[in-house]
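Chemist: Dock chain one against chain two, each of which comes alone in its own frame, and use the hints as you go.
Line by line, the protein sequences are chains A and B.
Under the working numbering, the residue at position 371 of the first sequence is numbered 375, and the numbers go up by one with no gaps.
Under the working numbering, the residue at position 204 of the second sequence is numbered 247, and the numbers go up by one with no gaps.
Computed list of chain A residues with no C-beta within reach of chain B, every gap over 12 Å:
#1 R41
#2 Q74
#3 D134
#4 R166
#5 K180
#6 P332
#7 T367
Quick look at which bits of chain B chain A covers, simulated, 3 or more residues with Cβ under 8 Å:
#8 72-80
#9 90-100
#10 158-166
#11 259-265
Hints were generated in silico from the structure; no laboratory data involved.
For each residue, glycine too, the CB sits at the ideal point set by N, CA and C.
Next come the chains, spelled out residue by residue.
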Amino acid sequence: MRSAWAFLAFSFVLCRPAVVRAESAGQSGGELHFCLRGEPKTFNPLLVEEDSSETIRYLTGGVLIRLNRQTQALEPGLAVSWKVSQEGRRITFRLRSGLRFSDGTPFTAEDVAYTMKALMDPQLHSPTGDSFRSGEGQVDVQIPSSDSVVVTFPAPVAGLERLFDQVAILSAHSPKKEMAVLGPFCVADYSPGSHVLLRRNPNYWKKDKEGKSLPYLDSVRLDIQRNRDIELLRFRRGEIHLINALDAEYFDRLQKETPSVAHDAGPGLDSEFMWFNQVPAAPFPEHKKNWFRATEFRKAVSMAINRADLCRIVFGGHAHPALGPVSPANRFWFNSSLPAPQYDSAGALQLLARAGFRLEAGTLRDSSGNRVEFTVITNAGNKSREQMLTMIQQDLSQIGIKVNLVTLDFPSLIERITRTYDYEACLGGLVNTDLDPNSQMNVWLSSAENHQWNPKQSKPATAWEADLDRLMRAQSSAITDKKRKADFDKVQQIVAEQQPFIYLVNKNAMSAISPAVVGSSPSVLDPHAFWNAEFLRLGADPALGAQK
Amino acid sequence: MSPLQKVAAIILCTIFVLMALAAILVPAPYARQFRDVPNAGPSAAHPLGTDALGRDSLSRLLYGTRVSLLLAPAAALLSTLIAAFLGSAAGFLGGWFERVILAVTDLSLALPWLFLLLTVRAMLPLDVPPMVSVIIAFLMMGLLGWQASVRVICAAARGVRDSDFLLLARSSGCKPARLLLRHVAPNLRPLFYAQFWISVPLFILTEANLSILGLGVMEPMPSWGNLLRGFEDFSALAANPWRLVPLILLVIAVMCFQLVLPSQEVTQ
Numbered sequence: 005m006r007s008a009w010a011f012l013a014f015s016f017v018l019c020r021p022a023v024v025r026a027e028s029a030g031q032s033g034g035e036l037h038f039c040l041r042g043e044p045k046t047f048n049p050l051l052v053e054e055d056s057s058e059t060i061r062y063l064t065g066g067v068l069i070r071l072n073r074q075t076q077a078l079e080p081g082l083a084v085s086w087k088v089s090q091e092g093r094r095i096t097f098r099l100r101s102g103l104r105f106s107d108g109t110p111f112t113a114e115d116v117a118y119t120m121k122a123l124m125d126p127q128l129h130s131p132t133g134d135s136f137r138s139g140e141g142q143v144d145v146q147i148p149s150s151d152s153v154v155v156t157f158p159a160p161v162a163g164l165e166r167l168f169d170q171v172a173i174l175s176a177h178s179p180k181k182e183m184a185v186l187g188p189f190c191v192a193d194y195s196p197g198s199h200v201l202l203r204r205n206p207n208y209w210k211k212d213k214e215g216k217s218l219p220y221l222d223s224v225r226l227d228i229q230r231n232r233d234i235e236l237l238r239f240r241r242g243e244i245h246l247i248n249a250l251d252a253e254y255f256d257r258l259q260k261e262t263p264s265v266a267h268d269a270g271p272g273l274d275s276e277f278m279w280f281n282q283v284p285a286a287p288f289p290e291h292k293k294n295w296f297r298a299t300e301f302r303k304a305v306s307m308a309i310n311r312a313d314l315c316r317i318v319f320g321g322h323a324h325p326a327l328g329p330v331s332p333a334n335r336f337w338f339n340s341s342l343p344a345p346q347y348d349s350a351g352a353l354q355l356l357a358r359a360g361f362r363l364e365a366g367t368l369r370d371s372s373g374n375r376v377e378f379t380v381i382t383n384a385g386n387k388s389r390e391q392m393l394t395m396i397q398q399d400l401s402q403i404g405i406k407v408n409l410v411t412l413d414f415p416s417l418i419e420r421i422t423r424t425y426d427y428e429a430c431l432g433g434l435v436n437t438d439l440d441p442n443s444q445m446n447v448w449l450s451s452a453e454n455h456q457w458n459p460k461q462s463k464p465a466t467a468w469e470a471d472l473d474r475l476m477r478a479q480s481s482a483i484t485d486k487k488r489k490a491d492f493d494k495v496q497q498i499v500a501e502q503q504p505f506i507y508l509v510n511k512n513a514m515s516a517i518s519p520a521v522v523g524s525s526p527s528v529l530d531p532h533a534f535w536n537a538e539f540l541r542l543g544a545d546p547a548l549g550a551q552k
Numbered sequence: 044m045s046p047l048q049k050v051a052a053i054i055l056c057t058i059f060v061l062m063a064l065a066a067i068l069v070p071a072p073y074a075r076q077f078r079d080v081p082n083a084g085p086s087a088a089h090p091l092g093t094d095a096l097g098r099d100s101l102s103r104l105l106y107g108t109r110v111s112l113l114l115a116p117a118a119a120l121l122s123t124l125i126a127a128f129l130g131s132a133a134g135f136l137g138g139w140f141e142r143v144i145l146a147v148t149d150l151s152l153a154l155p156w157l158f159l160l161l162t163v164r165a166m167l168p169l170d171v172p173p174m175v176s177v178i179i180a181f182l183m184m185g186l187l188g189w190q191a192s193v194r195v196i197c198a199a200a201r202g203v204r205d206s207d208f209l210l211l212a213r214s215s216g217c218k219p220a221r222l223l224l225r226h227v228a229p230n231l232r233p234l235f236y237a238q239f240w241i242s243v244p245l246f247i248l249t250e251a252n253l254s255i256l257g258l259g260v261m262e263p264m265p266s267w268g269n270l271l272r273g274f275e276d277f278s279a280l281a282a283n284p285w286r287l288v289p290l291i292l293l294v295i296a297v298m299c300f301q302l303v304l305p306s307q308e309v310t311q
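Extracted from the complex, chain B is given alone in its bound form (with noise of 0.2 Å):
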């Protein structure tokens, strides 16, 4: 493990300690609302600030980093998982199963999926707890994101599919399946990680969309999503610049979880 490495993973376990020990930390619970002091600049009672209904910004900030942190990277490794079952597959056996695949995958990447969320969202019961509907949300993301990841992954696959040691493994007598798990599948495993490292950022994004919509994460739970979500006011930001603290923590989280992974030359 290089020294960059180590730092970018004491930050990440810093950051899930404080996001477990949320409870215990914050100097207020999310939802409460400080009505006296609306978009406050931080102070020792609120060390980040408040937001515009007078909500404790660092309450908000770890509580949200939970949800995002847990979930986000849920919906990614599910997006992921089906985008390399799909994509190796398609890729390693070809013709017409890799035809038919590519074809569902232009299709589906062809939908309005803004309008088919909107539609699930009008379908769903009203009564849904703020938690479930949190899960539902991530688990449509997971469900939906896949297209992209298994073009790429495809096409990697088709690379490995005509390789030398693929053809040794095939004429030692491996089955279709083996040569997938064994042979195929570790070999595009740094193109997996890739593709989720990139889903993760992305999925946090997309929930801050879709809280727009009414599908995301509701109030008054709050997700990195609903707090970037305060960034539409750019003049605010620039008066109150504690408020970027959410966006820099999210691009902190992503870059030491890219760090932390090994390297493709270090997988292979």
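Only chain A is shown next, with the shape it has when bound in the complex (with noise of 0.2 Å):
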């Protein structure tokens, strides 16, 4: 306990000059603090799975090439510039020279080498390392000079050079192995359940255009604060700097307070969505899989929706009317052509009657005659959802379908979607971090477990789902981006004409920032409040920027 108090004594001691530092100075220095929603399960780069540990390894690892958050352009990192070849299977990087680790250990191709066969090696089982492989084989690296190396893999991998912006290279000679970093901070302490501390890395290569050195800020301090009100009230109190993700509701409650600390960077990658199971074995009646399966019907249900109601009344203005699978916030990727969800009730009623349907004394009846009711679960507590379906349930009410909404527990729901598929219909979202449509795969190919509304199947049920297939596998094997986008465009096009997930909005990235923070730009793509971290420094504001 004694030497307890003494660390916190001596820790007290060695940060203290550093806010001081700031408070007066309002140049370089001080201590950034904000929170992790959880604990980091790991310190090691390649095992990242959650976000917590992104967080680290975001602000600790340093990369051969780096994607910036604003403008969603590749930028050299460690490597000075690379060359993609052989139709996407090889790639030669140049490496910046005189680099050192935190450490102190020398930047060398083999550090590169080195992390390249960690992150394949089928032992690691890294997360990261998933996304680069494309065929059976090993990944072969060579390093033909001191400041170049050359990866070799065994398939052509579709956006190549983008992936390395998630790959933080390790040391192989370290003695301290994963925790010498190359990127601007390195961790310097970790209480589980309490913080973890990152100090300034003295050995960052990066310099500003005053040939600085950076990062400008002495440390950051992450605390680990599951609950997001005390989060906010934390914030509030200007013990934290800035929240990196809020929702409508708290970004509102923020921006009546203090409008200025408030930041809606627009339309984020996330999605909220709607699909009907079209499983075959699902234990429904067979007249409901037939609507399910009807192009018509899956069509006038999205007319009946008022996506623009949802964004302003669920999310406050907060989001926008979704197009399809891809945000407009994925600049590259996104499909501008695609029309805009028209809210048309009497278009709705004119599709259904040409698929059979028809409206008797405000009731829908197919053309058996069975009303035509489903259910809808969502994920008990979520409230914007809750609120979107009581919505959709009054909009599609003005058709004549009765909908039923079902909350359950997250395991509940899981289970019904994957493994039994009893259910009819289900609301969810999809959190995007990855702007490559390759990330989307495991969704789009028919065979794929997350083929939601009819997954893992032996080959494709309807003509637009082999053209899904045919286009998805296309576009990740195509050399040039060009004929890449276009393939992804058909595969966005089919998905609107068809509406399998019944796209309803995209929600706005918004953080919060204290005005004490200097050099901050929020971005749409995640991190979005310190995506530059090492142009960040903290400015005059007595209190850690608290909000008076």
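Modeler: Next up, the structure:
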């Protein structure tokens, strides 16, 4: 206990001058505070699979190529340049020279080779490595000279260079193993359940325009806080400087109090959508399966939903009607020729009439006289989804469809949509972090597990699903981005026409940043608020940017 | 009847009349969404304002009162009857029967009911109409909410077991069943009433929690429970104090029920 007190006292002595410097100078230095929403499960950058570890990897990891979260363009990192060849199988990097890891170990081409071998080691089960696995065989890494590395994959990898944004280079020789890093910060202290303290990496290679070493900040303290209400309260008290992701309700609360701290970067990558269960073996009546398989029925339901109202009422205007599987935030891959969804109850009824449905005394019936009624499930406790469903209930009642709403705890919901298929329709969401369509292969291929409306098909059930399979495979093996884009545009077109997922809204990327933080520029891509962490600095606000 | 009891009775009657005449009195159907005026304050069209989806709060309150004031007391009655039977019998008979009942009570108090309820919800078919789902939820609350009352009633029955009047009745040749029904139970009646009225608000709040788990009253049907869920947003509550009306009504109703009850002295 005594040593703990001594450590705390020592930490205070160490930290305090940093804060004081930030207060007085408004220049470099200071400690940025914000919260992780869970315990980091690993500090090994190759094993990252959850948000907290991803935050630490982003702030500490040095990568060969960095995706600029604002321009969405690739920028040189540890590699000065790169070249993709052999139809996307090979990538050649030219490395920066004279760099050192945080512990002083020199950075060499061997480190890149070591990282790539570790990444692709099947024994490690690296989630990051999985995105590089395009075919059977070994990855070959050659070091032709001290400043270049050639990585050859057994099969073409679509969007190869973009994937390196997730690969933090490890040291092959450092005794500190993965704790020796090339990013702007390095892990200095970790107290489970309490915080992770990151200190500035004294050997970080990047400099600002004036030649000054980056990062400006001395340290970043990440407090582990699961409760979002407490996180918001701490922000309002000035105890933390930023909240990376806010929902609409919290955003509005903050905006009312202090408009300058709430930032809405516009439509994000996340989408909310609804789908009908088309699994042939699903345990509900055959006539309902026939409705759900009918394109006209799905399109009519889509047309009868007032998305503008969903955005305005449920998300307080901080969302946009979704056009398809890709958000407009994904500038390159978004198909801008897709038509905007129209709210048209009369048009929906015409479509339904064409498919043999008829409206009788306010009730929609199919050609056999069955009343059109179905149950939509969603996860319990998600207020915005419950509200969306309640609004959809009223929208569809206008065309005579009765919708029942059932909320289930998450494990029960997953059980129903992935194993028993005992549900009629479901409302869910997709948290998208990857811009490349390859990350959606497990959704669009008819044989995929996440082909949610009818998963794990032995052969495509419909012609348009066969087209989706063909186009997704074509885009993943195409050499040029132009060809890939053309193929994926067609995928988006088919999805918009067939509506297997009825896309509802794209939520905006919202964050809160204290006025004390200088240099912030929130982006729609994650991390929204600290993507340019090395350029952030603390201003002159005396109380950690307290909201007065 | 004291003047206070008369006032309480009048208030209760008024609430029940309003509840019964909800269909005539409400300004709009409880599920109808006036999407141009979400979160609106009180107005001539919407005397208690509107909720987040623009639904008339007065209509939802009156219909919600119907659901809660009929079903929460029904669940409370069921649980009190179970507790009264088990507790009085255990306390009166004593011995191994009492030990078994109390052991079962302790065991069921220790069970993670939340997970049991989640399992039950997962097993129920999805196409259950909202009203049936409401009845199932309250029935489950009634069947599962008796344990705490059993311990209290059992302790009181143990006290009555050794009383002089029971000794006299026993010596007069009264059978155990008659002793239990005619002598023990009437003496425990104030305790039954108390347990019943304690359970009513408890079940209303339990229903609110179950709604969050997908087991209570489902949208668009209102209940006091899901109206109280609006209190999750404290800042909105401070800005819109009229949203406190469901809570105020709950407090008034529970207080009035307890005032209208005959007191222990009067009953004895």
